[in-house]
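Work the whole structure out from these sequences, hints included.
Number of protein chains: 2
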Amino acid sequence: MKFKLTSVDPKSAARTGILQTGHGEIQTPIFMPVGTAGSVKAVHQRELEYDVQAQIILGNTYHLYLRPGTDLLERAGGLHRFNGWSKPILTDSGGYQVYSLGANRKITEEGVIFKSHIDGSKHTFSPESVMDIQRIIGADIVMAFDECTPYPCEYAYAKNSMNMTHRWLKRCVDRMAETEPRYGYEQALFPIVQGSVYNDLRKMSAEFIASQDQPGNAIGGLSVGEPHEDMYAMTSLVCGILPQDKPRYLMGVGTPENILECIALGIDMFDCVMPTRNARNGMLFTTQGIINIRNERWKDDLSPIDATLGGYVSTFHSKAYLRHLIINKEILGAQIASIHNLTFYLWLVSEARKQIEAGTFTTWKNNMVKIVSQRL
Amino acid sequence: MKFKLTSVDPKSAARTGILQTGHGEIQTPIFMPVGTAGSVKAVHQRELEYDVQAQIILGNTYHLYLRPGTDLLERAGGLHRFNGWSKPILTDSGGYQVYSLGANRKITEEGVIFKSHIDGSKHTFSPESVMDIQRIIGADIVMAFDECTPYPCEYAYAKNSMNMTHRWLKRCVDRMAETEPRYGYEQALFPIVQGSVYNDLRKMSAEFIASQDQPGNAIGGLSVGEPHEDMYAMTSLVCGILPQDKPRYLMGVGTPENILECIALGIDMFDCVMPTRNARNGMLFTTQGIINIRNERWKDDLSPIDATLGGYVSTFHSKAYLRHLIINKEILGAQIASIHNLTFYLWLVSEARKQIEAGTFTTWKNNMVKIVSQRL
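Chains as they are written, first to last, in numbering that gives the first Met the number 0: chain A, 0 to 375; chain B, 0 to 375.
Careful, some of the hints might be misleading.
[Stated by the list, open to error] Ranges between beta-carbon positions, derived for each pair:
| hint | chain 1 | residue 1 | chain 2 | residue 2 | range |
| --- | --- | --- | --- | --- | --- |
| 1 | B | Lys169 | A | Arg66 | 55 to 61 Å |
| 2 | B | Arg104 | A | Glu228 | 45 to 51 Å |
| 3 | A | Asp299 | B | Gly119 | 19 to 25 Å |
| 4 | A | Lys1 | B | Arg45 | 36 to 42 Å |
| 5 | A | Arg374 | B | Glu177 | 46 to 52 Å |
| 6 | A | Tyr49 | B | Arg104 | 45 to 51 Å |
| 7 | B | Ser349 | A | Pro149 | 56 to 62 Å |
Hints in this document: simulated from the structure, not taken from any laboratory. On a predicted model such as this, the values are computed, not experimentally measured, just so you know. No residue lacks a Cβ here, since even glycine has one placed at the ideal position from N, Cα and C.
Structure, rendered in structure tokens:
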């Protein structure tokens, strides 16, 4: 997996690049829509490709492992073949869902024992098994198995957990080295920096992760409830240590504002359920600010959802029509709002990319942060 | 509104035709997807047009009147402008929903007083108000306000009700004559034959409806729980009386088998929620028969949903993937299954049309009825 830095902003740590995968190029900075169980909720693959213009989507190992399961995914020839998405896929390690969804989880040095949130059945994830599962899913980018610490987290717990995550990482690296790509294209491992909100732990973890010399690196354990200042401080600190010539992925972040600020700190890749989850509740991210389409204010507004953004659904349908659909719990409301929000997120990172290339990123970003975070 | 009969089957009452509307031609026999509250559930307008190849959709006056309401629809310039569907729209009269959804309804000669199923607010529908509402919605085809009798229904009730429906029809005809099309294109009234399952009442009603000389005619009060034999007998009797040179619409029918049998009896237009409602529960209509995609049997079946049918979603996605989505309650499952089922229904009527034109309809129909009604 090759990453080529194509430009660097003179006034911030923002940069643009191209990541080459077995399923095509990704232009960074990039946002990755979350396709939890093999589907980005309420958005068809064709819409992801042509309307949203997504370049890579994310799959959740925990969900895919439980359903449809690795047997079927292997028989299908991997997730790309199973769900018909032919561009790159990144899978998380399942760790986050094990902690947030799995009942009665028990963490040991060996791995994590947990019960399925679906039927209560008992399962074990270890660094080795999670590498094997992601091989079978056919992820282009495989995430290391880690413990994502909650917020707040005591220093001692955060330190012990980080050290275990590092030991687990070595096992992940070994397992990846011992096994072959499953379907003939490269599968690259991204290790994950942990350390909660503690400067010394984040520094230690970033140095350890950098030393592993993997094709890309990720920052985990943020966007879990800590103040934004902490998220930015940790991201900045870690980006200063991780190698320049490899992509940096900030996991689970975030709002449009978070994304712009973290691009400025040197992040290349993002994922978050916010654009799709909030869409289903009627919260729209637009080029003018945030809209709660359920508000009475939009009832008679026959103007396009977002004329400036462009794209089919955002210009074709009116706010009043989308409000009507969402209020009436019509599935089409979730569809249109989800396509719109994802289109906005992909527009935002693509615009950031253009501004970085033009050397105008910082001024643009400072202005755009105000616009995209205001509530209309 | 012009209807041109283009061919008649030599061995049955089946026929093909072209119905000209202000929003383009409809080739009959035709199936009309149901777009209850301004959206065909889980199917985007673009998919309706290009995947399903729908030629006309239905809107429900009761739902549209309550939400978004006539004020907003009028301001938008009608439903076509509001929901972005630029082909023909037919609206029902709201009568059926008033009886099935409205609480504490009271039927009088003047009209029906009912309470909204949404907020309990009190409303009145009369033949005149329902014509006005459909004018504002902007329906190309406006249905007369009728009482849809339940099954079973006592003879005396059915007779009185039919007579009231006839008196209401005269008021509908008068109101349509007194008022202008709202948005510059023709809005045609279709009266509705009632009479439950009683031969003499159906005959009387069909003769009365035919005498009104409206641009098209409908048969209501069937597919409400009566045996299929009764549905077919009433349809046949009524088709024998309604004029040959006007389109005949059988309301709320039905299964693929029902549709084929009723095409053979001389019906030109159909609507039913079955393809979309059943899709959301995982019931698929295919060229090979009926599939309950939730069954374990399809778990590992990586073959296309329906290779013979063709069309994007039916050939691109596998049964196993669709099953996975439906089992996991992914919205995309409802989307794909709904597009598939509607594509199948539109294929079925288009295939019937070709067979009628070729003079091979009856043989084809007798064979196809067996195939489409078998459970796989």
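Tested hints:
1. B:Lys169 x A:Arg66: 55 to 61 Å: For Arg66 of chain A against Lys169 of chain B, whose Cβ atoms are near 59 Å apart, the range 55 to 61 Å holds.
2. B:Arg104 x A:Glu228: 45 to 51 Å: Distance hint for Arg104 of chain B, Glu228 of chain A is violated at roughly 60 Å.
3. A:Asp299 x B:Gly119: 19 to 25 Å: For Gly119 of chain B against Asp299 of chain A, whose Cβ atoms are near 24 Å apart, the range 19 to 25 Å holds.
4. A:Lys1 x B:Arg45: 36 to 42 Å: holds (37 Å)
5. A:Arg374 x B:Glu177: 46 to 52 Å: Holds, since Arg374 of chain A and Glu177 of chain B (Cβ atoms, about 48 Å apart) stay within the stated range.
6. A:Tyr49 x B:Arg104: 45 to 51 Å: holds (47 Å)
7. B:Ser349 x A:Pro149: 56 to 62 Å: Because 57 Å falls inside the window, the suggested range holds.
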